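> Sequence:
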Amino acid sequence: RAALDRAAVLLRIKRDVNRLDNVWGVGGGQRPVKHLVKEMNLLLREYLLSGEVSEAEHCLRELEVPHFHHELVYEVRAGGPGGPGGSPPHGPADARCPQAVVMVLEGSGEGPVAMMVTLLKVLWETGLVTLDQMNRGFQRVYEELGDISLDVPLAHSLLERLVELCFDRGIITRALRDACPAR
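Taking UniProt numbering, I'd label the letters of the sequence shown as residues 1 to 183.
The set of hints was computed from the structure by calculation and includes no laboratory data. Since we're looking at a predicted model, the values are computed, not measured. Some clues are possibly wrong.
Said to hold, decoys possible - Okay, the calculated beta carbon distance ranges per label pair:
id	residue 1	residue 2	range
1	Gly170	Ala2	50 to 56 Å
2	Ala8	Gly146	52 to 58 Å
3	Lys38	Val122	18 to 24 Å
4	Arg177	Ser54	23 to 29 Å
5	Ala8	Gly111	44 to 50 Å
6	Ser50	Arg183	21 to 27 Å
7	Asp5	Glu164	55 to 61 Å
8	Ala2	Phe167	54 to 60 Å
9	Asp147	Leu49	23 to 29 Å
10	Asp168	His35	30 to 36 Å
11	Gly170	Leu4	50 to 56 Å
What the hints assert, rightly or not - With a cut-off of at most 25 Å between alpha-carbon atoms, the simulated DMTMM-like pairs for lysine to aspartate or glutamate come out as follows:
id	residue 1	residue 2
12	Lys38	Glu64
13	Lys34	Glu160
14	Lys38	Glu52
15	Lys34	Glu57
16	Lys121	Glu46
17	Lys38	Asp147
18	Lys121	Asp168
19	Lys38	Asp151
20	Lys38	Glu143
21	Lys121	Glu39
22	Lys34	Asp5
23	Lys121	Glu62
24	Lys38	Glu55
25	Lys121	Glu64
26	Lys34	Glu110
27	Lys38	Glu57
28	Lys34	Glu55
29	Lys121	Glu143
30	Lys121	Glu52
31	Lys38	Asp5
32	Lys38	Asp132
Yeah, the Cβ is synthetic: ideal placement off N, Cα and C, and Gly gets one too.
Can you build the whole structure from these sequences, using the hints too?
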């Protein structure tokens, strides 16, 4: 009877489907990739608006997908799809709504770059993003830089700036910095 009463209460919760999924065991790696990418994109957008690193860290932990944190590194793009206030870009680079690094490339100004470097530094120091995931996220951007450049002509120079800042702050290795494609 207690279990049925608990289930009835949980089913009355309208907005929090993710909480219900977590309570009943559908969480973490069992969620669809599209959902996880969308959550990471939302996490990064909220971070750019609020600047609260601890909240971003908490949200990432709450997703319970440490094997997928490379996606967050990949998605570092200022303002989300199309940059601040823009419409979603089109093309192969954006087929999965890219995250942190790509967010920076599609953003404008130094503010988003500095904020994302700060976020990546904290996630690196806390161990939420491993060396392998950092490498995988940046490598994916390197591989897709040609396509990203079609939508964002300054992508190469922005990426070089981001990579240098990340290297200077000890977030990425020299080998990963040196692998950054040059114009």
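> Please go over all the hints and tell whether each is borne out by the structure.
Hint check:
At about 51 Å, the beta-carbon gap between Gly170 and Ala2 stays in the expected band of 50 to 56 Å. A hinted range of 52 to 58 Å holds for the C-beta pair Ala8 and Gly146, which are about 54 Å apart. In this structure, Lys38 and Val122 meet the distance hint of 18 to 24 Å, their C-beta atoms being roughly 22 Å apart. Look at Arg177 against Ser54: about 28 Å separates their beta carbons, and that is inside 23 to 29 Å.
Judged by the Cβ atoms, the range 44 to 50 Å given for Ala8 and Gly111 holds: they are separated by roughly 47 Å. Taken as a hint, the range 21 to 27 Å is violated for the pair Ser50 and Arg183, whose Cβ atoms sit roughly 34 Å apart. Distance hint for Asp5 and Glu164: a CB-CB separation of about 58 Å, consistent with the stated range 55 to 61 Å. For Ala2 and Phe167, the Cβ-Cβ distance of about 56 Å falls inside the hinted range of 54 to 60 Å, so the restraint holds.
Take Asp147 and Leu49: their Cβ atoms lie about 27 Å apart, and the range 23 to 29 Å holds. Remark: the range hint 30 to 36 Å for Asp168 to His35 is upheld by a beta-carbon distance near 35 Å. Range check, Gly170 to Leu4: about 53 Å between beta-carbon atoms, so the 50 to 56 Å window is met. Distance check on the hinted pair: Lys38 and Glu64 sit about 14 Å apart at the alpha-carbon level, within 25 Å; holds.
Proximity of Lys34 to Glu160 is assessed by CA-CA distance (about 29 Å); at most 25 Å being required, the pair is judged violated. Between Lys38 and Glu52, the direct Cα distance comes to roughly 19 Å. Compliance with the 25 Å bound is thereby established for this hinted pair. This hinted pair checks out: Lys34 and Glu57 have alpha carbons roughly 20 Å apart, not beyond 25 Å. A distance of roughly 18 Å separates the Cα atoms of Lys121 and Glu46; the hinted pair therefore holds under the 25 Å criterion.
In summary, the hint linking Lys38 to Asp147 is supported, as the alpha carbons are separated by about 21 Å, within the 25 Å threshold. The hinted pair formed by Lys121 and Asp168 meets the criterion: a straight-line CA distance of about 11 Å does not exceed 25 Å. Pair hint Lys38 plus Asp151 holds up; C-alpha atoms about 21 Å apart against a cutoff of 25 Å. Pair hint Lys38 plus Glu143 holds up; C-alpha atoms about 22 Å apart against a cutoff of 25 Å.
Taking the CA atoms of Lys121 and Glu39, the gap is near 20 Å; set against the 25 Å cutoff, the hint holds. A hinted pair counts as satisfied when its Cα atoms are at most 25 Å apart, and Lys34 with Asp5 does not qualify at roughly 32 Å. For the hint pairing Lys121 with Glu62, the CA-to-CA distance comes to about 19 Å; that is within 25 Å, so the pair holds. Restraint check for Lys38 and Glu55: satisfied, since their Cα atoms lie roughly 17 Å apart, inside the 25 Å limit.
Distance hint between Lys121 and Glu64 is fulfilled; the C-alpha atoms sit about 20 Å from each other, no more than 25 Å. With a C-alpha separation of about 29 Å, the suggested pair Lys34 and Glu110 falls outside the 25 Å cut-off, and the hint is violated. Our distance criterion of 25 Å between C-alpha atoms is met by Lys38 and Glu57, whose separation comes to about 16 Å. At roughly 22 Å between alpha-carbon atoms, Lys34 and Glu55 fall within 25 Å of each other, so this suggested pair holds.
This hinted pair checks out: Lys121 and Glu143 have alpha carbons roughly 23 Å apart, not beyond 25 Å. For the suggested pair Lys121 and Glu52, the alpha carbons sit about 14 Å apart, so the restraint of at most 25 Å is met. Our distance criterion of 25 Å between C-alpha atoms is broken by Lys38 and Asp5, whose separation comes to about 32 Å. A hinted pair counts as satisfied when its Cα atoms are at most 25 Å apart, and Lys38 with Asp132 qualifies at roughly 22 Å.
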